[in-house]
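A.B. asks: Residues per chain are reported as follows:
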Amino acid sequence: MSELNYIGKSPRRKDGPDKVTGRAVYSQDIKLPGTLIGRILRSPHAHARIVRLDLSKALALPGVKAVITVDDTKGIKHGFVETPRYPPDQEVLARGRVVYVGEEIAAVAAIDHLIAQQALELIEIEYEILPAVFDPIEAMKSDAPQIHPSHPKVKDELPYSNIGGRTTAGWGDVETGFAQSDYVREDRFESQLRTHGYLEPHATIAHWENDRLNVWTSSMGTSVKRAKLAKTLDLPFSAVRVHKVYVGGTFGGKIDLYSHEYCAARLSMMTRRPVRIVANREAIFSAYRHGQPLAMEIKTGVKKDGTIVAQQIRVINNSGGYRGSGVVVIFLAWGFTMIPYRIPNLKFEGLSVYTNYPVRAPQRGHGCPQIRFAIESQLDKIAEDLGIDPVSIRLRNAREPWEQLPNGDNVHEAGLIDCIKMAAEKSDFLKKYGKGRKTDGTIRRGIGMGVSGYFGGSLIYPNGSGVIVKMNDDGTPTVLTGGIDVGQGSETIISQIVAEELGVGIDDVKIISSDTDATPQDIGAWISGMTYVTGNAARQAAGNARQKMLDIAALRFNIDVRNLAIKDKVVFNRNDPSQRISYRDIIAYSIATRRGDTIIGEGFWRTMRDEPTHPSLATTKGRWSENYAFSCQVAEVEVDIETGEARLVKALTVHDCGFPINPALVKGQVDGQVSMALGHAFLEEVTTKNGYTLNPTWLDYRMPTIHEMAESDDADVITEQYNVGKPYRTKEVGEGLVSAILAAIGNAICDATGVRLTSTPFTPEKILKGVRKLARESKH
Amino acid sequence: MADRNHNSKSMSRVVAIEVNGEHHEVTVKPRHMLVEVLREKIGLTGTKEGCEQGVCGACTVLLDGRPILACITLAVECDGKKIRTVEGLASGETLSAIQEAFLDQGAMQCGFCTSGMLMSATALLEKNPKPSLAEIKKALEGNLCRCTGYNGIVDAIRQASGEGVDPIFMR
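As given, the protein sequences belong to chains A and B, one line each in that order. Residue 1 is where the first sequence starts when you use this note's numbering, and the numbers rise one by one after that. Residue 1 is where the second sequence starts when you use this note's numbering, and the numbers rise one by one after that.
Be aware that a few hints might be false.
Computed beta-carbon distance windows for the label pairs [as the list claims (entries may be wrong)]:
no.	chain 1	residue 1	chain 2	residue 2	range
1	A	I512	B	L133	40 to 48 Å
2	B	A90	A	I512	22 to 30 Å
3	A	R212	B	G92	37 to 45 Å
4	A	L699	B	A90	46 to 54 Å
5	B	G92	A	P612	34 to 42 Å
6	A	T598	B	L133	51 to 59 Å
By construction, these hints were calculated from the structure, which means they are not laboratory data. Just so it is clear, the structure is predicted and the values come from calculations on it, not from any experiment. Think of the CB as a built atom: it goes at the ideal place given N, C-alpha and C, for glycine as much as any other residue.
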């Protein structure tokens with residue numbers, strides 16, 4: 001450890017000064033002369049045929065520069081998933097039919113907001129209203145309104161309607177497993193519809209100039225945005241430049257191609273002027289992509305000692321009007337089931353169901369908080385039924401280091417057992433557990449535990465990241481990385497790694513990021529792998545530049561390069577430290593004597609190099625990750641049994657996130673995820689009726705405020721094994737930690753009150769209902 | 001229709017405001033909000049628009065020292081008033097104590113709430129240099145942050161108020 005100077009430490013954020021002074025530029029801050037204002041016309045109906053669409057009055061309004069519908073597009077579809085089994089399924093504007101309230105039908109560009117709004121109101125549309133369906137179970141019935149035909153591969157096997165996709169997986173034989181079990185439980189769990197809650201609204205400004213499209217947009221990866229824009233606009237990739245901007249929060253909600261991004265681009269191409277479209281908050285709540293509610297049926301068989309023998313799981317999602325990430329979340333629910341515990345026999349089925357809701361997106365954790373809530377709640381119930389404590393049952397089933405997972409992956413230095421042990425010890429878990437219910441008074445305290453595992457950096461376009469390190473004449477590096485800083489701190493992390501590998505100061509590192517013309521491709525901030533994948537590309541690039549400088553110094557001194565070392569922008573002879581040459585002089589020497597070669601280091605990293613792509617979403621076959629992170633989280637809650645109100649008093653997160661490049665940034669991720677999970681647990685739900693959103697503002701959709709802040713402690717179980725020779729064995733820490741803590745909160749409420757809640761959020765109504773039911777039962 | 005056209009051409013008036021110590025005279029319509037004037041006319045884009053509904057607090061600026069929501073404050077109401085925005089917190093390259101504390105405590109991730117948070121925190125500390133935890137929470141209850149869970153923000157204010165909270169980041 002002692003030889004590390006910049007990684008494993010917590011220098012302040014590279015983007016910090018810009019963000020505290022108002023200089024950081026976000027999409028909404030881009031100003032271009034002559035900019036037109038774009039607006040989107042959205043469907044007022046959940047399901048309707050468009051019978052007539054007349055733009056003439058809108059086009060005639062002075063100040064209106066262009067109006068587009070699907071007829072002005074190339075008709076090229078896109079999708080969150082684009083595979084042979086799940087080809088792109090959504091057009092950028094509705095064609096002939098709308099399948100959810102808020103679906104995009106037309107877009108206008110005008111000289112100001114008011115005229116753009118007036119133009120929308122002048123577009124004449126006649127609809128033929130069609131029957132709609134909102135509940136996935138209803139939508140699966142054979143007589144349900146058909147939104148899209150069930151997937152052809154599913155149709156032959158299952159009688160259900162509106163099935164967008166299916167995941168089936170398993171091993172062993174669950175029937176035999178249940179027969180061999182001493183105890184079997186079946187439970188059903190549900191989660192609610194939540195939104196991401198990024199503070200920065202979606203904003204895009206597009207400018208078509210000199211046959212090239214320039215785009216500034218709120219995203220989670222500019223490589224992906226460029227690919228989807230180029231494809232749907234039918235432009236070469238090289239004709240589309242997605243510029244760097246800071247992004248004001250994403251949490252999964254800014255990955256996909258959004259219709260407004262396409263429309264801004266297309267309108268600019270038609271008008272030859274910059275076009276800006278900013279989504280208002282009401283539209284984001286009502287028509288943009290939220291996360292996914294899941295219904296989860298779980299049957300688990302265990303031995304008397306709590307050893308899991310068999311598990312059968314069925315997950316049904318509500319994917320909205322197109323496939324979106326619906327077919328991914330049902331795959332991921334399998335994955336997040338598989339990671340933490342040994343399950344000798346598993347049968348898993350996930351169904352993605354179309355409904356007349358807006359399309360769904362990934363949301364921090366992407367299925368993990370839902371499925372871990374279900375499994376961990378049931379496991380606590382099993383433990384209670386068998387008289388085992390929550391710590392012991394988890395230790396009994398937790399995976400050991402270096403275990404092989406059923407999908408062929410290895411968990412490597414999995415620290416799960418250490419996490420559970422440390423969490424139990426630090427929280428004094430067993431001493432506090434079981435006390436709440438026995439106390440008198442109306443305020444009951446409870447403690448609960450959950451565990452989780454998360455993958456890091458799977459293979460999906462563009463699969464890997466490249467980084468370039470250019471040495472400047474003064475001996476400082478300029479780093480070109482496609483890695484986008486959405487708040488997680490990637491610019492800081494990448495700078496630390498380059499500083500470490502090159503022996504320069506953090507402040508010496510100039511970073512240019514996430515500009516598709518200037519920077520290499522990057523996996524983006526959405527597949528839980530940027531520190532690992534882009535970080536290792538940065539390590540290689542800096543190492544490559546370092547090697548080139550060492551080679552030049554070796555030439556200059558005429559000694560074996562292996563005798564040379566670096567420190568503080570100087571190369572020196574290990575055997576004779578007085579023989580030294582600064583980076584500046586190396587570069588000058590190189591220019592003077594070696595054809596003027598400049599020094600540029602290149603690095604590229606791709607996880608699971610020999611794997612062609614991500615695993616099958618339908619069968620789960622194929623490698624998923626080489627980087628599994630683990631956590632055990634403990635929640636302490638207070639429940640008022642008179643009002644049913646509960647709050648998270650204290651959270652403890654013990655995690656194995658691999659080597660923490662910047663521990664203070666890791667802590668920021670932990671605290672933010674605990675906060676998001678308590679919103680999930682207690683506050684947040686997008687409520688709807690007939691497809692209309694009833695609470696499209698932050699006044700009515702309650703996100704945690706500073707009053708809900710919980711005490712959040714964290715610790716890692718990173719042992720020397722990570723520090724010796726592999727400081728870049730970094731793992732996921734940005735989204736998996738919303739999961740076990742959610743389950744822990746549910747378990748803590750049960751510890752406090754005896755009320756086992758099977759659906760989120762844990763509202764006062766549900767808790768009170770449970771408390772009263774228990775009171776009635778105890779009287780009989 | 002006709003009314004709206006009339007509205008979009010409705011009489012403008014000149015508003016004189018002092019922003020971060022600089023005098024500006026701007027022509028505004030009666031419907032223009034302060035946030036539009038700051039961002040679009042004066043060019044200070046550090047003040048953010050998160051909801052345009054007066055709920056998220058990202059647009060918080062100080063009006064004669066008091067935190068207000070610029071997205072629901074009419075520009076014409078600000079005639080003759082002094083406004084401070086995030087761009088006015090540092091003196092030259094020297095950051096204010098609360099700006100430094102935000103960097104030290106990880107009080108900011110995506111940064112979109114940061115300007116508003118800093119303005120609410122600045123107003124609090126100028127009025128009450130040693131706020132209690134309850135007073136900190138009260139002062140910042142109108143500012144949403146989705147990234148940090150607020151822990152770092154509270155610690156930053158406590159650091160800036162001299163509570164002896166150690167930085168978690170290194171300078």
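A.B. asks: Decide, hint by hint, whether the structure agrees.
C.D. replies: Verification of the supplied hints:
| no. | hint | verdict |
| --- | --- | --- |
| 1 | I512/A x L133/B: 40 to 48 Å | 41 Å, holds |
| 2 | A90/B x I512/A: 22 to 30 Å | 24 Å, holds |
| 3 | R212/A x G92/B: 37 to 45 Å | 39 Å, holds |
| 4 | L699/A x A90/B: 46 to 54 Å | 33 Å, violated |
| 5 | G92/B x P612/A: 34 to 42 Å | 55 Å, violated |
| 6 | T598/A x L133/B: 51 to 59 Å | 55 Å, holds |
The structure fails hints 4 and 5 (numbered hints given earlier, in ascending order).
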